[in-house]
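Undergrad: One letter stands for each residue in the lines below.
Number of protein chains: 2
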Amino acid sequence: MSTVELTGIGLLTTQTAEFGDLPNAAVLIDGDRIAWVGPAGSVPDADEQVDLGGRCVLPGFVDSHAHLVFAGDRSEEFAARMAGVPYSAGGIRTTVEATRAAGDEALTTRVAALTKEMRASGITTYEIKSGYGLTVHDEARSLQVAAQFTSETTFLGAHVVAPEYARTPADYVDLVCGDMLAACAPYARWIDVFCERGAFDADAARSVLLAGGRAGLGARVHANQLGPGRGVQLACEMGAASADHCTHLSAADIDALASSDTVATLLPGAEFSTRANYPDARRLLDAGVSVALATDCNPGTSYTTSMPFCIALAVREMGMTPNEAVHAATVGGAAALRRNDIGSITPGARADLVALDAPNPIHLAYRPGVPLVSAVWKDGLRVH
Amino acid sequence: MSTVELTGIGLLTTQTAEFGDLPNAAVLIDGDRIAWVGPAGSVPDADEQVDLGGRCVLPGFVDSHAHLVFAGDRSEEFAARMAGVPYSAGGIRTTVEATRAAGDEALTTRVAALTKEMRASGITTYEIKSGYGLTVHDEARSLQVAAQFTSETTFLGAHVVAPEYARTPADYVDLVCGDMLAACAPYARWIDVFCERGAFDADAARSVLLAGGRAGLGARVHANQLGPGRGVQLACEMGAASADHCTHLSAADIDALASSDTVATLLPGAEFSTRANYPDARRLLDAGVSVALATDCNPGTSYTTSMPFCIALAVREMGMTPNEAVHAATVGGAAALRRNDIGSITPGARADLVALDAPNPIHLAYRPGVPLVSAVWKDGLRVH
Chain A
1 MSTVELTGIG LLTTQTAEFG DLPNAAVLID GDRIAWVGPA GSVPDADEQV
51 DLGGRCVLPG FVDSHAHLVF AGDRSEEFAA RMAGVPYSAG GIRTTVEATR
101 AAGDEALTTR VAALTKEMRA SGITTYEIKS GYGLTVHDEA RSLQVAAQFT
151 SETTFLGAHV VAPEYARTPA DYVDLVCGDM LAACAPYARW IDVFCERGAF
201 DADAARSVLL AGGRAGLGAR VHANQLGPGR GVQLACEMGA ASADHCTHLS
251 AADIDALASS DTVATLLPGA EFSTRANYPD ARRLLDAGVS VALATDCNPG
301 TSYTTSMPFC IALAVREMGM TPNEAVHAAT VGGAAALRRN DIGSITPGAR
351 ADLVALDAPN PIHLAYRPGV PLVSAVWKDG LRVH
Chain B
1001 MSTVELTGIG LLTTQTAEFG DLPNAAVLID GDRIAWVGPA GSVPDADEQV
1051 DLGGRCVLPG FVDSHAHLVF AGDRSEEFAA RMAGVPYSAG GIRTTVEATR
1101 AAGDEALTTR VAALTKEMRA SGITTYEIKS GYGLTVHDEA RSLQVAAQFT
1151 SETTFLGAHV VAPEYARTPA DYVDLVCGDM LAACAPYARW IDVFCERGAF
1201 DADAARSVLL AGGRAGLGAR VHANQLGPGR GVQLACEMGA ASADHCTHLS
1251 AADIDALASS DTVATLLPGA EFSTRANYPD ARRLLDAGVS VALATDCNPG
1301 TSYTTSMPFC IALAVREMGM TPNEAVHAAT VGGAAALRRN DIGSITPGAR
1351 ADLVALDAPN PIHLAYRPGV PLVSAVWKDG LRVH
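Taken in sequence, the protein lines are chains A and B.
The numbering of the first sequence is the numbering used here, which starts it at 1 and goes up by one.
The numbering of the second sequence is the numbering used here, which starts it at 1001 and goes up by one.
Careful, some of the hints might be misleading.
What the hints assert, rightly or not - Dumping the calculated DSBU-like pairs for lysine-lysine here, alpha-carbon to alpha-carbon at most 30 angstroms:
{"no.": "1", "chain 1": "A", "residue 1": "Lys-116", "chain 2": "B", "residue 2": "Lys-1116"}
{"no.": "2", "chain 1": "B", "residue 1": "Lys-1378", "chain 2": "A", "residue 2": "Lys-116"}
{"no.": "3", "chain 1": "B", "residue 1": "Lys-1116", "chain 2": "A", "residue 2": "Lys-378"}
Stated by the list, open to error - Covered by chain B, according to a simulated footprint, are these stretches of chain A (three or more residues, beta-carbon under 8 angstroms):
{"no.": "4", "region": "116-126"}
{"no.": "5", "region": "267-274"}
{"no.": "6", "region": "301-310"}
Since the hints were derived computationally from the structure, they do not count as laboratory data.
Every residue, glycine too, gets a C-beta built ideally from N, C-alpha and C.
Take these sequences, add in the hints, and give me the full structure.
TA: Here it is as C-alpha cells:
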C-alpha cells in the first residue's frame, strides 16, 4: 500500500486529547489508515504529497442518524407546514406509499445521490435506517439497498405502525419482532424504534429492542422528540448506543444519560424544518452527557445532508461552542455508533479527513450556508 | 451574437405576472439577453442547446446588500459572541484596522474569492459597499476595488465614525460629506449611511444622504437594526431605494414603507450570526411593502454568501413562504437596486439564470444547507 502525506495544514484539529489542535501540521496516510500525525516538515518520506495551502483539517464527520432509503417528494408538505400546518408522525406514511411503489433501482439511485451530497458536506461515515417499507419485503429490500452503501445499517420497522395494522398495532409489533426482524437482521447492525406518542409506547419499544438484541442487533431509540416521554429512560435502561432527538428532557432523563453509556444524539435539522424548539445541548454538556450531532436526513422533517449546517444550528440555537459542535459531529457520532476507528485523527484510525477552505473550524458556524469543504478523504482515498 | 436554448426545464419560475411558473419550459438566450420564454419543444432554432434534465430554473439572485471589501478574520469574535458576549457596532473597527493595513491586491483577491462563492450560490448581481476604510484614501480605494467587480457600488463612509474622530464626530460627518465624498463619488452609484445608536443619528444621516444626492448618488439606509429609530422614516422621506435591516419597526414605519417606493431589505444572516430576533417579514408583506432579501455578507455579523441560506431562514424564521422568499431574492433585490433588467425571466431581460438540482424552488428552504445550485448563467455566459 502506498503512503500519502497531507502537508501545509494550517490547523489540524485532531479531536484527541493526545494531539489536540496542531498549527502547521502534517498527516501521513498509509493505505486506509492514519500512520503519523505531527508538525509539517518532519514527516517520514511519503509516496505522494498533497499541500493543503494552510487549510484547516479535521476528522471526517460521522452522521449517526439518517433515513436515506425512500422515494417521493414532500416539498409541498414542507411549504404547507411553514405556512402553519403542524407536523404529525402521520406524514411518514406519505413516504411509505412512495417507497413501496418504487423499484430497487430508484431507491439505490436516490441513496447514491444523497451519498454524493454527504461526501461533499464532509461526512465520511453515515448510518442508514430502513423504516419507509413497513412490510417484511419492503423493510428487507430497504436494508439490502442501504447495505450497499454503509456497514452502519439500522432496522427501523418500528418507525410507525404500518397502515394495514392501524386497528391492530399489537399485531404489527409482533410482526416487527418476528418475521420482519428475521428477514432484516442479516442486513442490519442496529435496531431502532420511534418511542413517541403516535408511534410506539415504551412497552412496545422495549419488546422491539429485546427482540433485536436476541437477533444480535445493537439498540438505538428515537426518544423525546415531540414531547416528554419514557424513551430516553428506556434507551439508558436497555444500554442503547444512542437516544436520538432528546428535545424534551426532564432532570431525571439527563441524570440517566449522564450515568450511562448512551449518547444523546441531537438533530437540529428536524427542529429547523418543523419549526420546533431546539434541544438544550448546553444543559446536556454541562451534566457530562456524551453528545452527538447528526443530520436526521429524511424527506419529511429534515431533508438536509449538510453536517456544517447542523453545526451552525448547534452553535446558534443549542448553546454549543463551535469546537463542541465539531466534536459532537466527529467523536460524538463515532461514540453513537460505538466505533473507535473513526471520528478522530490519530495513528491507527481510519484515514477519514476533511479539509476546509478556512483557517479554523469556527468558520463552519461563522460562515453559515457556505460550502467550505474543499477536500474529503475516506479510508485514505479522495472522495470529494 | 449566438443563441443558446435552455430546454428540459422541469419548472421555470419566471417571477413575472405574464409567464408565472411554467412546467416543461425552455428559454432562448440571444447574446446577453433573454429572447424568448415558452414551452419546451417549440423554441426557435438555436446555435446551441443545453438540456437541463427536468431541473427547475429561476432568475439569478440579486444581492442588494453586501460588504465585500475588507481584510482580516473575526471568527474568534464570532465564537465569543455565541458564548455570550453581545455585539456592538464597535466591532466594525477591528475590520477597519485590518483593511487599512491591507494592500489593494489583498483586497481584490478577497473580493474575487467571495465573488466565486456568490456565483456558486446563484447570485448574478451584487452590490458592494465601502465602509471599512473610513479615510479619504481607504474609502476611495475600496470603491475602486469594488468597481472592478460590479456596477452596484455604494459609498458607505458613514458606516461608523472613524476612530480618529471619536471625540469630534461632527467633523467626521463633514469629512464624509466633503473630501471623502468627492474622492469616492466617481466610483460609486449609491450612498449609504448606518443610521443607528452608536453610529449616526437621523440628522447626520440626512446630511450625508443630501450631500450624496448632490453628487449624483442614490440613497440607501441601514435602518432599525439594533433597535427602534428614525432610519426607516428618513429613508422614506429621502426617497431612498432601500431601507436595510428593518428589524425593529413601529406601525408608522410600516405605513411609511407601504406608501413609498423604498424597499425593505431584510438580512436574516445578520440576525442568525448575532443571535438577535428576526424581522417580521409577514407583517411587511401583509401591509403591501416591497421586500428584498440580501446576504449582508460582512466579516462581523453575517459572513455568508449564500442566498439559499437566507431564503431558508426567511421561511423558517420570518414568516415568508418559499415563493415569497425567492421573489424577494430576485425581483425584490432588483427593486432595491432600482433595476428592471434583472430579477425576472422575460424577453429583453438580462440572461441571468440559475438551475437547481431540484424539481421546484421550495427545495431551497426544504433542503437547508445543501448546495442545490447546479448551473448559473450571467449575461448569457455560464459562470458556475
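Undergrad: Tell me if the straight-line CA distance from Lys-1378 of chain B to Lys-116 of chain A falls inside 30 angstroms.
TA: holds, 27 angstroms
Undergrad: Within 30 angstroms, alpha carbon to alpha carbon, are Lys-116 of chain A and Lys-1116 of chain B?
TA: Roughly 22 angstroms between the alpha carbons, so the hint for Lys-116 of chain A and Lys-1116 of chain B holds.
Undergrad: Quick check: the region 116-126 of chain A, covered by chain B? Criterion 3+ residues, Cβ under 8 angstroms.
TA: Coverage by chain B holds here, the residue count being 3 at a Cβ distance below 8 angstroms.
Undergrad: Taking only the CA atoms, is the gap from Lys-1116 of chain B to Lys-378 of chain A under or equal to 30 angstroms?
TA: holds, 27 angstroms
Undergrad: If you look at each residue in the region 301-310 of chain A, do at least three have a Cβ nearer than 8 angstroms to any Cβ of chain B?
TA: Holds, because 7 residues of the region 301-310 of chain A bring their Cβ atoms closer than 8 angstroms to Cβ atoms of chain B.
Undergrad: Take the region 267-274 of chain A, compare each residue's beta carbon with every beta carbon of chain B, and decide whether three or more fall closer than 8 angstroms.
TA: Satisfied; 3 residues make the cut.
No hint from the list above goes unmet by this structure.
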